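Turn these sequences into a full structure, and let the hints steer you where they fit.
Each chain is listed here by its residues.
There are 2 protein chains.
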Amino acid sequence: MRLFRTLLTAAATTALLVGSVHAQDAVTAEKLRDKALLDRTAWDITEDLTTTIGPRLVGSPAMARAKDWSVAKFKALGFTNVKVEEFAKPSWTRGEESAQLVAPYPMKLNIVGLGRTVATPPEGLEAEVALFRTYDEMIAAPEGSLKGKIVVITQPMVRAQDGAGYGVAGISRRAGPVEAAKRGAIALLIRSISTSDSTVPHTGVTAFGDDVVSIPSAALGVPEAEQLERLAAKGAVRIKLKLASTVDPKAVAWNISGEIRGSQTPDEVIVIGGHLDSWDVGTGALDDATGVAITTAAAKLIGDLPKHPKRTIRVVMFGSEESGGSAEAYVDAHKAELPKIVLAGESDTGADRIYALQIPKGSSGHPAIKTAVRVLTPLNIYLDRLPSPHAGSDIEGLEAAGVPVIGLKQDASRYFDYHHTMDDTLNKVRPGELAQNVAAWTSFIYLMADSDIDFRVLSAAAPAAPSH
Amino acid sequence: MRLFRTLLTAAATTALLVGSVHAQDAVTAEKLRDKALLDRTAWDITEDLTTTIGPRLVGSPAMARAKDWSVAKFKALGFTNVKVEEFAKPSWTRGEESAQLVAPYPMKLNIVGLGRTVATPPEGLEAEVALFRTYDEMIAAPEGSLKGKIVVITQPMVRAQDGAGYGVAGISRRAGPVEAAKRGAIALLIRSISTSDSTVPHTGVTAFGDDVVSIPSAALGVPEAEQLERLAAKGAVRIKLKLASTVDPKAVAWNISGEIRGSQTPDEVIVIGGHLDSWDVGTGALDDATGVAITTAAAKLIGDLPKHPKRTIRVVMFGSEESGGSAEAYVDAHKAELPKIVLAGESDTGADRIYALQIPKGSSGHPAIKTAVRVLTPLNIYLDRLPSPHAGSDIEGLEAAGVPVIGLKQDASRYFDYHHTMDDTLNKVRPGELAQNVAAWTSFIYLMADSDIDFRVLSAAAPAAPSH
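Taken in sequence, the protein lines are chains A and B.
In this text, residue positions in the first sequence follow our numbering: the first is 627, and each later residue adds one.
In this text, residue positions in the second sequence follow our numbering: the first is 627, and each later residue adds one.
Treat each hint with caution, since some may be false.
Unchecked claim - Here are the computed lysine-lysine pairs in the PhoX-like style, where the Cα-Cα straight-line distance is at most 25 Å:
| no. | chain 1 | residue 1 | chain 2 | residue 2 |
| --- | --- | --- | --- | --- |
| 1 | A | Lys860 | B | Lys701 |
| 2 | A | Lys661 | A | Lys866 |
| 3 | A | Lys709 | A | Lys996 |
| 4 | B | Lys961 | B | Lys996 |
| 5 | A | Lys701 | B | Lys661 |
| 6 | A | Lys734 | B | Lys866 |
| 7 | A | Lys734 | A | Lys866 |
| 8 | B | Lys933 | B | Lys709 |
| 9 | B | Lys734 | A | Lys866 |
| 10 | A | Lys808 | A | Lys775 |
| 11 | A | Lys734 | B | Lys773 |
| 12 | A | Lys860 | A | Lys734 |
Unchecked claim - Below, a sample of chain A positions facing chain B; criterion: calculated Cβ distance under 10 Å:
| no. | residue |
| --- | --- |
| 13 | Thr676 |
| 14 | Ile679 |
| 15 | Ala688 |
| 16 | Pro732 |
| 17 | Lys734 |
| 18 | Val826 |
| 19 | Lys860 |
| 20 | Asp906 |
| 21 | Ser1085 |
The set of hints was computed from the structure by calculation and includes no laboratory data.
Only a predicted model underlies this, so the values are computations on that prediction, with no experimental measurement involved.
Note that the Cβ used here is the ideal one computed from N, Cα and C, for glycine as well.
Below, the structure written as structure tokens:
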């Protein structure tokens, strides 16, 4: 209860501090924020999506059910202009997978195939291991030098609040299969891109874009990767690997959206959202049912106001983030409208608490932003001084097309323990932290939607060096 | 370093406080304790056993390799009178296992068969689920009322420092299959007996003794059990289950032992140890490579003294704890010697720190115990006031035959996160806490071995009510 008393006091104070134009907005934003802290809409959405739909791989029957679920959910929550935008998205489906240590002794290895991996022959592959403790060591191996080997890369991932370890370690997954194949490898096993010490392996897509994945590629549980390091230090190690998968080149996916229509300038649109698709392991709770839930609940709470803010708030449930496609599809479908999208933001790092607000350059002095910072401060969120927001994969397309983006940065310390695993499940979501996310999105987006802030103009006027 | 300065000061103090008979012993015990805190023998044993042998299921080729490893290890560490005692132990071997949610939608379920479970037909079993949130609710179902159903019990396990939640929740695993079958069930799935929130399922033996397990029985990951609870609350749930296993009724197992021979009364024996066998999932690091390592390292450090203590210290690596057998086999093989076994103790709750010493009733006033308590206090260990020690499964047979037992209780708060899973691996062992275990065992066992304390006499003279 202590938090709430503090917030109520802060509400009155903020109204006094900010200019009269924004005083009423500040009070409304604070009321929305405090209501959101006790609202269960986001929890209910997360529970419903993960329980009644389960895992939602692009191209799966579950994803089609998820699309229908989205439409029904938007309508039930009072959204208008609900749209389903279909786009082509070849789909990849996992088959049976297994791996065994063959020498120095037989032992089952816990693995998961990487997204887009090719299959092994039905009888599997068996070969000696070439183990590298870093990606760079593997890259240093001359072309052809790994001929006939199963390459194992055991580079670990650094735990970091801002998730920075993911980009560094993730190179093994993203580029490893292509680079190992160039050097003659017949298969690749990577230590899971994980901050956990668990045996549960982490999948994730490899070889974005047009790169061709030519060798079977999978991720090992962390203890298995460490066991292989110790065994390889003692002598020869052999592994047998079986992976199966199928591809449907004609599959489709959908971006689904619903709106809280603006009361004064409805053609000015703020796009927020998360992604509806997930990996086939786990139930995609943190990645990204909670992102869908946070942004949908925030817009719904704003929509429940007696009077909508000036601008339209559009929530998009993106339909193919994990293996790519929804960001590009969204831009393609909204080319004509792009100049009227005044802001975009995505929630896609789980549901642990937000600790920083990131805004476009040049905007920190605007009264709407000053108000927002004051409203977010009691939620223990600071204004990030770094030069550019992290956009989120699904709005990178919009960002590239010139749409201003914001970031509400979530604490990622724990996120990569579960990311892309069977353990990405509802019991990893902390309701109190989920509610803090909703409170931040609700109050911040309300303030932006009821303002006339033009980030494009502010940004163009700002000096080249980071200034906010 | 702070700890060590404290301990050195304590050493001098203790020598002043205790009687002259025990003063020299106290100094030696404190030196042993402090040496053990920086000794790596236990870590090396744990790493070697889990890495070079891996999982060690009774009846497996790996267990035979582990037996040879034990003999070599004892000899290399300077133990004498190394013995391998064979006994009959029917073995159970896991085959392919899988489970799928069939309705309301298809989803893979993460399971592991319980030890001794029977197989399903090769094509699997499919049936509607009857879900119970507690074991008692299942027991309350009338006989025959679960006919044709797959029973799911989702009772959770309480996290507790002393591991007390295991006995309570474990009834679902131990008695569930027999009781569910009585009521007509065709299969049983239990929520893993686990304190974790992980999807990694926990195996363990069911139906001890002569009970016949007649239905296929497996454990679900925790998130899966919770998902089934939510789905069952909404409507009918169907599951398909496949389990395969084989039994070898003629298999054998071994208890392997080595000794630090006593310098004055070598026929008086203190038996300590852990169990060498493990489940087939994971590498049995916490259960119980560390128990073997802690007790072996403790005896080895005592054996390195210029003069051995009066009594013989025997380390036993028990060969069939997980599905039972080694405790009885040990008593059978040592019937004639039992009166000369002056004390027994087992380490079998992982490797987190020891927090309590448990001793037989009537012994707390003995100078050797008083010295021991003083020596253990700086390790942050107290004398437990509860009436009876927890013996450990492998020395329950000795205890039942009248051998006094002690307990050095380990903090079990984290143990049941990994117990009996693929995640029971070396990276869960904390070297500093492992060393604290060795320090406690080394100093305590040294003091008992160099004393003439007779727990049988003290216990017989003690009042019936708990008194120490």
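Unmet hints by their number, sorted upward, for this structure: 2, 3, 4, 5, 11 and 21
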